[in-house]
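Chemist: Read top to bottom, the protein sequences are chains U and A.
Residues in the first sequence are numbered from -15 upward in steps of one, following the numbering used here.
Residues in the second sequence are numbered from -15 upward in steps of one, following the numbering used here.
To be clear, the hints were calculated from the coordinates, so they are not data collected in a lab.
Among these hints, one or two may not hold up.
Identical copies look the same in the list; a pair holds intra-copy or inter-copy alike.
Claimed, not checked - Here are the simulated DSSO-like pairs of lysine-lysine, each with C-alpha atoms no more than 30 Å apart in a straight line: (1) K(-4) to K220; (2) K141 to K(-2); (3) K62 to K135; (4) K(-4) to K141; (5) K62 to K(-4).
Protein chains: 2
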Amino acid sequence: MEQQYPITQRSKAKRLRERATYDVEAVYALLDASLLCHIAYVVDGQPFCTPTTFWRRGNLVVWHGSVGSRMLREQAAKHLEVCLTVSHLDSVVVTRSAFGHSVNYRSAMLFGRAELVEDPDEKLLESRLVMDHFLPGRSGLVVPPTPSELKQVSFLKMNIEEAVVKIRNYPASHEPPQHRDHEVWAGQIPIETRIREPVPCELLDPSIAKGPDIARYREGARLDETLSQIRREAQKQP
Amino acid sequence: MEQQYPITQRSKAKRLRERATYDVEAVYALLDASLLCHIAYVVDGQPFCTPTTFWRRGNLVVWHGSVGSRMLREQAAKHLEVCLTVSHLDSVVVTRSAFGHSVNYRSAMLFGRAELVEDPDEKLLESRLVMDHFLPGRSGLVVPPTPSELKQVSFLKMNIEEAVVKIRNYPASHEPPQHRDHEVWAGQIPIETRIREPVPCELLDPSIAKGPDIARYREGARLDETLSQIRREAQKQP
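So here's chain U without its partners, still in its complex pose (with noise of 0.2 Å):
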């Protein structure tokens, strides 16, 4: 694997070049600690912007959903190019000057053509690497799925040919100097994601306790950092 996707004109950062990066490691870095990402594709001239779960496996990255899904069965049928966008945003700029205002934020922008996982080997992977990649060791413990859930499902995989990385980090004094005067308050207003003390189901019998599957998911920890984590210890097995 190269250490850097090539540069393209679809892909190069055409403004801010400081904050842009084509490096692979920082890509699947940033891919590794999201849950959500948009996937932007077009059918008959029209864009759609969708918002899915998704999952990296190597430079694959692939999603899933309904087989009646419209996004699905468009970008299957038709080997679609499409955008795949993640985004973390992180604070709010709060500047002495209107023009300073801004905010804090990490994307990744990846780009390649959609394709049906239809090898059926493959397709079973994906259903476990599905709860798995958020949830290790999941699939081992529920009910797998049926053939007849399997059919209902479609996974798309879409090799990384080009992507991009850009991170807005600036504190508020970054903002022309001659304003830096001005007096009034000026800062960052700080976003986070975060879990929440995971719900037992209504159903559950009160004996049957959270597994480490789920007990990765700390009250309070940061989405973001709890996803690495789990990669990372992922990568450490055997």
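With chain U fixed as given, assemble chain A onto it according to the hints.
Modeler: Just chain A now, kept in the frame of chain U:
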């Protein structure tokens, strides 16, 4: 204003109709609870999915950025069709059967055409709303944009032609009933996006306190609820 957006080929939910609504008020409520959206658009057949901050003014949504941004240049020059999506991840739903695993979420998908804000007065209004929408009154406190700064920024707007809100909010017991006796932990892992205590700029004179615009962002509050509350208060203003 109609109370519902028209249900068309592009906006009609193909699946899970019980979760979809086309009500204008439901669309506005979800937009008003959001700071970040993802915009899908097409340049020469290639889809792009760009995260950006946005705000709503009546039936318009507005976003902005550098005049050098590819997204804004292309959208403005070609009056492009866009699909603007906001989404909130509320929980990971962990069930007894593989097939039942899912996420609970709220999303709004909007369709329309991007249009450059060209009228100088309208541009000046949006240059205030980019702050005041989130930080009420902020534009009156800060150094206003210079004519040169205003030239460096483009504002794009879109009249919402069609829109659909989808909400999934099912408990872990929403799975095939024959699996409910399988003995494994089931429930939800709640996910929330929260505000942390605002952090002053390292150059700020400690005698300068937070104004009411910043004080609305209370440590530990949910971002979506805080933004909704700011909008409700703004609507009460004479």
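Chemist: Now tell me, hint by hint, if it's right for this structure.
Modeler: Okay, the hints, checked on the actual structure:
For the homomeric pair K(-4) and K220, neither the shortest alpha-carbon distance inside one copy (34 Å) nor that between copies (45 Å) is at most 30 Å. Taking the closest pair of Cα atoms, K141 and K(-2) come within 30 Å of each other both inside a single copy (28 Å) and across two copies (21 Å). Taking identical chains as interchangeable, the C-alpha atoms of K62 and K135 lie at most 30 Å apart only when both belong to the same chain, with a minimum of 20 Å there against 42 Å between chains. Proximity of K(-4) to K141 under the C-alpha cut-off of 30 Å is found in both arrangements, the shortest distances being 23 Å within a copy and 25 Å between copies.
Both within a single protomer and between protomers do K62 and K(-4) lie at most 30 Å apart by alpha-carbon distance, with minima of 26 Å and 21 Å respectively.
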